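Undergrad: Start from the sequences and build out the full structure, keeping to the hints where you can.
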Amino acid sequence: MRWFWIDRFTEFKSGSHATAIKNVTLAEEHLHDHLPGFPVMPASLMLEGMAQTGGILLGESNQFAHIVILAKVPKMTFHSWACPGDSLLYSAKLIQQSDEGGMVEVKAHVGERLVAEGEIVFAHVDDAANGGAKIDQKNFVFQILRNVMDVGKAGNGTGA
Amino acid sequence: MPSRDEIFEKVKTTLVDALGLDEDEVNGSSRLKADLGAESIDFLDIVFRLEKNFGIKIPRNELFPESLFTADSGFAENGRVTDKGIAELRTRLPHADKDTIEALAKDPRIENVEDLFTVNMVVNFLTAKLNG
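In order, the protein sequences belong to chains G and S. When you line the first sequence up against the numbering used here, it's residues 92 to 251, in that order. When you line the second sequence up against the numbering used here, it's residues 2 to 133, in that order.
It cannot be assumed that every hint is accurate.
[To be verified] Each computed BS3-like pair below joins lysine-lysine, with the alpha-carbon atoms no more than 27 Å apart:
#: 1; chain 1: G; residue 1: K244; chain 2: G; residue 2: K184
#: 2; chain 1: S; residue 1: K53; chain 2: G; residue 2: K104
#: 3; chain 1: S; residue 1: K58; chain 2: G; residue 2: K104
Simulated from the structure, these hints should not be mistaken for lab results. Since the model is a prediction, treat every value here as computed from it, not as a measurement.
TA: Written out as C-alpha cells, the structure reads:
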C-alpha cells in the first residue's frame, strides 16, 4: 500500500487552486475498525488528503524545486463524515507563499455537503536547511505523491 | 495611514488566529514565545497572516531574524551572544524594544534573544513599514 490519500486531480490551476477526488471504499482496511458497525473515513486521513492536494499545488507552483512538508494545521473543522461509496472532493486554494513555504485554505465536500474546512501551512525543507547534507528524497511522501500528477494520462477508456 | 492602535488591533487578531489565543491574552508587552506559546513554525504562519491582513510583503528574516545565530555567524559563542551579535541586533532589529536589547547586552544568553520578539516589536515594525 502506498500513502496516497487522493485518487486523482479533477482540476489543477497552477499557483492558484486545485481539486482532487478521493473515493472511499469498504476495501480499505482502516474502515473495518473505524468505527465498528459504523465505517467512516477517519478525519486524520481526510486531513492528509487535503494536505496532499494543497502540498502538490504548492510544490508544482515552484516546479517541485522544494521539498514541501506539512508544518502546521492552524484551523480544521469537521462538520460531517464520509462513508464507503462516497466521493470526497478536496479543494485547496493557495493563499500565501514564499521561499520558506506556503499556506492553503482547504475544504472537503461530499456532493453539496461540506464535510471539513480549514487551513494548512507548509514549510520548504531544502538541502541548505539541512546543513548542506543531501536529503534522501525517496523517503519523502511528497516525492512519491508526484505520481498522482500522472493519473489520468491513460485517458478515460473511451479511446478519445 | 493606519494609526498605531489600528495596527495593534490587527496584529492582535492575527496572533489570536495563528496561535489559537483569546483576545485578552494579547498585550503589547507579551513575548511571542514565552508568554503566547509560539513555536518556531508559528513564525512562518504569523508572517503569512500579517502579509495577508496588511497587504504587504515581509522579506525573509526582516521581522524575525531567527537565522542570525547560526554556528558560523560570529554572533554567538558558547551559548552567548557576542558583542558583535548585540551590535548586529541593534542594526537589524530597529523595531525591537531598546530596554530589552540593553537587558540582553547585560545578560547575553542566547535564549534571551527570544524575549525581543514581542507584540510591540511587531507593531513597531508594521508602523514603520506602512507609514515609512
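Undergrad: Of all the hints numbered above, which does this structure not satisfy? Sort the numbers upward.
TA: Those not satisfied: there are none.
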